[in-house]
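Numbering-wise, full-length UniProt numbering puts 103 at position 103 of the sequence shown, and it's gapless, one number per residue.
Hints in this document: simulated from the structure, not taken from any laboratory. By construction, the Cβ of each residue, glycine as well, lies at the ideal position given by its N, Cα and C atoms. Take every hint as true, because none was put in to throw you off.
In silico DSSO-like pairs for lysine-lysine, Cα to Cα no more than 30 Å straight-line:
no.	residue 1	residue 2
1	LYS61	LYS85
2	LYS13	LYS85
3	LYS61	LYS13
4	LYS55	LYS85
Here are the computed distance ranges between Cβ atoms for each label pair:
no.	residue 1	residue 2	range
5	LYS85	LEU42	29 to 37 Å
6	SER93	ILE57	16 to 24 Å
7	ALA82	ASN41	34 to 42 Å
8	LYS13	ASP45	32 to 40 Å
9	GLU15	GLU98	33 to 41 Å
10	PRO14	TYR87	14 to 22 Å
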Amino acid sequence: MSLFILACSNEKKPERLLSEAEMTRVIIEIYINEERINRMNLRRDSAEKIFSLAKPIIFEKIGVSDTLFRESLTYYAANPVALEKIYAVVVDSLNLMEQRLTVKPEEVQ
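Full structure from sequences and hints, please.
Have a look at this one:
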């Protein structure tokens, strides 16, 4: 279920490519849904099955095809500087979401 793909060759830029912002959004949605499924404490094979059923719904919600996502991920994986930039934004965004969810009531005024 991991999104990490290792690529050593320079990938030719696909005709249709998700922007860095679009990739960031998709990866965040995938991560959030993977984490929800992982928190169900299911056996690995069951969690993978549920995620495989959830993934098309995630892509449909965002308006991206699985193929477009995979082609874009392969391209960015072959361009580590761009992929690192995307993942830096993903991590920052997830940290901000977590902070917003864990704000104590006395901090909200």
